[in-house]
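Chain by chain, the residues:
Number of protein chains: 2
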Amino acid sequence: MKPKISSECYASEAEYINALERRAGLPAGFSAGSVELSFQPYEINAPKPRVMRLSAIVLDEPTGLFAGSLTQNAFPGAPVTIARRRLEGETLRGVLVNNSIANVCARSGEKDAEELLDAFAARIGGSGREFLCASTGVIGWRLPVPEMKAALPSLKKSLQTATILDVARGIMTTDLFPKVRAAMAGEAKVLAIAKGAGMIEPNMATMLVFILTDADVDRETLRRLHREAVAVSFNRISVDSDQSTSDMAILLSSGKKKVPGEDSFREALLSVYGALAEDVVRNGEGTGHVIRTVVRGAADTRTAEALGKAIINSPLVKTAAFGNDPNVGRIIMAAGDFLGTSKTNVDPGSITVSIGGHLVFEKGSFSLDADKEAQIFNHMKEAQLDPDNNRYPAHDRRIEIELDLGAGEASAAVLGSDLSYGYVRENADYRT
Amino acid sequence: MKPKISSECYASEAEYINALERRAGLPAGFSAGSVELSFQPYEINAPKPRVMRLSAIVLDEPTGLFAGSLTQNAFPGAPVTIARRRLEGETLRGVLVNNSIANVCARSGEKDAEELLDAFAARIGGSGREFLCASTGVIGWRLPVPEMKAALPSLKKSLQTATILDVARGIMTTDLFPKVRAAMAGEAKVLAIAKGAGMIEPNMATMLVFILTDADVDRETLRRLHREAVAVSFNRISVDSDQSTSDMAILLSSGKKKVPGEDSFREALLSVYGALAEDVVRNGEGTGHVIRTVVRGAADTRTAEALGKAIINSPLVKTAAFGNDPNVGRIIMAAGDFLGTSKTNVDPGSITVSIGGHLVFEKGSFSLDADKEAQIFNHMKEAQLDPDNNRYPAHDRRIEIELDLGAGEASAAVLGSDLSYGYVRENADYRT
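Line by line, the protein sequences are chains W and D. With the first sequence counted from 1, adding 69 to any position gets you the working numbering. With the second sequence counted from 1, adding 69 to any position gets you the working numbering.
Among the hints, a few may not be true.
Said to hold, decoys possible - Which chain D residues face chain W? A few, computed with CB under 7 Å, are given here:
no., residue
1, Ala97
2, Gly98
3, Gly102
4, Tyr111
5, Phe144
6, Pro215
7, Thr242
8, Phe246
9, Thr388
10, Ile401
11, Gly418
12, Ser434
13, Phe446
14, Ser480
15, Ala482
16, Gly491
Note that these hints are calculated values from the structure, not bench results. Ideal placement from N, C-alpha and C gives every residue a C-beta, glycine not left out.
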């Protein structure tokens, strides 16, 4: 039986892009653009010339309505260090983003970035200190500042007020698809794009995410709601348990539209952040299956979330998922490893585990027979992202794992991916 | 240039086995044996019949000289639960080990194991409570107790006092090679075998390890030295960051030979445990490279060890190693992720990183040029375990990563493996 194409997926890449185009309209008060440039990397003798996309998101007027979540990595890139300062400031006017080079651990990384932002501000208006920068790509190399500065006039020319789609494409590295999500809160729009396909792990920020809105919500509320939404979306996904040095999720508001109330804005944020976070996993490098683990009955949310992540990050669970192997033992192993190592007090006899809605573990032992195994195999097989069909999301199904610890009321859902040949291929030689 | 075969490696599988035979002689006071049986698994309707090896290590007389380290997994197998009790007891007479089924989360797992041990003791002497059992293999299935009991007469017949080699073979699952290490402390011998190729991670016990000695060392000293040696060997390796539900390292002494002193016995333990731990990594499922990470200049050993493990467990570092990609950025990313998340206070400017003896990071930025990259590529390439040559350890080289945090005097060395297509292949369909 051929899997059905659900309402969130598309029968061809062209239809997927059409759907993005329909939702990609910019909120009031923003313009966006993207250009391509080529450069010769400085650091290594005579490597191949490379292509970079330079993109910008610009507000018509400086805004005080912004919020950001930044990586916790101890060796952050220059853009993160700069953002940490700017997010404490009064106003922002936009973001300059490049792919190809991450500007991490490069000599004079901050100086290079500030020089670019000053040059950008000189063309756009305002001061360099009112702009953020974001970079993704190879770590350790210097930005090609002269080539990037030379591209600024065309970047300015590319700015338009219609769509974010070019920027969503411009920030991609190994992503399979551009990623755009949108929702309305009354008349106000929430529009978000993400780059992210590897080094995807918790603790914010694990990718580049830009959320644009025209909602008139005060700064403190904006920051609180952003933090809450990040905590249950981008901080609950993991492709490979590696937290990048570069990543950030930045929310900018032009404040031009009234919203019906805080709840409607929160709903819009949660739906956009949640959907975009799942897009990132489904676009993960070499992802063959999306896996969702829901942990219920935990003493607190932190335990539920950490246990869920321990399961979706276990290489043995991930490879079993890749092989459509209903290997209950590895889920139990990973859960037991986390619970034992973290000294979490749980009675194995009170835990239940199900896969795809089928109960597979209760009262301390397996609950499996051949029929159930076959049904779970089918559940996993149907969640497989067919590699011959990977030009648009093949479907929106997941492997669904549920654990109930029977030890409390807290719960959390986390999303991860399997571990495939494709992941190894993609990552074993990133730079060639 | 063809890699040289070092003194620890062998030009053919036959020569490797010859070397094991030379070191596999049992210490005084022990006998060992192994038999094969076939069985029909209970749990799943009409699966294929399977083969199991049942092995035993038996002391001539009960001994009070024993020590053990057990998995911290919260869902331990029945053998671990039983061992936890027995290790508190007065005397032990031996160990019964099976592969094929792990006896974890199986209905009546403890009862089945105790029934087997009673039947074994009835043939060998003593009581079932004086024997440990150990099991490795599929989780969730029941032991085939009747078939195992039926094999006990031949198991008893197989016992001999000459060599551990049959048992080293009998406990293998997906291991490429049997693993035997030995050292002398004066007249006393320390002999150890290990099973382990996946689910290899810290916190003991991550594999089955049996260490036999005839050294006359008092019980408290034996336990202390065992604990110390495990901490710097088996607890410092990781193949896939997954701590198994089953694993254990058990030391048994017949006490029949005097040792020159505690130091010589400690030396013998450390050399045997260390070499065997590296054998386990080199035999890891799909291992293409062994990676050693040495962290120096840490404030304490725990930080050095945890940081080393964070690096060798990073999927992006592991895939880069597989591809011989001198990707300094991923080492920095993984180190920064650990240091940031654990809120370890380290100045990025004081850290140095080298690969294969080449300095690649200092003063907060990369120190790389094309020549150095080429040399590091060669270092990695020479450490590659050629998949066409995997019937005996191809060589004993490793990718050597060194970090100096410049923040203290503590250091630790940890061993890990790369992430290869072979690992995915081996684990994506374990049971077929």
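Which of the listed hints are broken here? Violated: hints 1, 2, 3, 4, 6, 7, 8, 11, 13, 14, 15 and 16.
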